[in-house]
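Asker: As given, the protein sequences belong to chains A and B, one line each in that order. 3 is the number that numbering that gives the first Met the number 0 gives to position 4 of the first sequence; each next residue is one higher, with no gaps. 68 is the number that numbering that gives the first Met the number 0 gives to position 69 of the second sequence; each next residue is one higher, with no gaps.
Keep in mind that the hints were calculated from the coordinates and are not lab data. Heads up, some of the hints might be wrong.
[Said to hold, decoys possible] Just a few of them, taken from the derived set where beta-carbon distance is under 10 angstroms, the chain B residues facing chain A:
(1) Gly23
(2) Ile25
(3) Glu40
(4) Arg69
(5) Ile70
(6) Asn73
(7) Leu76
(8) His78
(9) Leu106
(10) Glu107
(11) Arg120
(12) Glu136
(13) Tyr139
(14) Glu140
Predicted model only: the values in this text are computed from it and were never measured. Even for Gly, the Cβ is constructed at its ideal location relative to N, Cα and C.
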Amino acid sequence: MKPENHNHEEIQKALKEALPRVDAQLQHDLWPAMLRRIQEQPELSVPWYDWALAAAIVAITVLFPRIALLFAYHL
Amino acid sequence: MNLLQRFREGDLDAFETLFRQFQGRIYAWIVRIVRDSGAAEDLTLEVFWRIYQARRSFDPTNDFGGWAYRIATNLALSHVRRHRRDKTQELPPEWPQETTRNCNPALEREKRETVIRAFTRLPVKLQVVATLALVEELSYEEIAGALGIPTGTVKSRIFRAVRLLRKQLSWMRVHK
């Protein structure tokens with residue numbers, strides 16, 4: 000056995016002894032918690048009146064191009 | 000419309016099916032990296048929450064499992080980085096049976112603390128690969144696939160981890 004392999008095995012043995020064993024088996028179903036999280040944190044969505052406001056601004060700008068300067072000033 | 004397409008469109012039943020199909024595997028993967036079952040459960044939920052939020056950007060022709068594993072790996076690595084300093088302080092109370100056979104418990108505990116201290120000083124990338132390869136005994140290919148790195152990189156990281164551990168450990172004291 001090469002010295003390198005010997006050290007590798009020694010390190011492996013030391014790590015296995017030192018690190019706690021973990022149970023990789025999930026003990027219970029996480030879906031109820033996931034569902035709660037989805038219901039508690041609804042996704043952000045743009046309300047209809049924001050879309051309506053944006054459409055109105057676009058329409059006004061098309062119909063009265065000079066007003067775009069006023070919008071630009073306020074932005 | 001297939002399951003992944005339905006998931007992309009926001010169908011909660013489709014998401015539930017995928018969640019139940021993958022939750023155990025994602026948890027098992029995370030717990031091997033973070034080595035804490037409570038944290039692994041929280042991180043598993045976080046993985047699926049991110050998946051749910053990003054569903055519209057998911058291409059249903061792609062591999063859902065691979066996507067989930069990548070998110071899980073990134074979150075688990077971030078968790079290890081955040082908590083690595085705490086780990087040097089706390090040692091689990093339970094003792095592996097084989098270490099208590101015929102030695103002085105105080106010496107064994109000291110030895111174990113030395114090993115854990117040396118291990119937590121490793122860079123996180125080396126720490127994770129060393130855990131998966133040397134403690135969990137996963138194959139190089141499995142590790143490479145899950146971490147999204149070439150097999151050669153896995154081997155070199157294990158080599159570097161072992162070399163650094165060997166340097167850090169005081170072998171005269173630890174391996175009498």
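Asker: What are the numbers of the hints that this structure violates, sorted from low to high?
Answerer: Hints 4, 5, 6, 7, 8, 9, 11, 13, 14 contradicted; others consistent.
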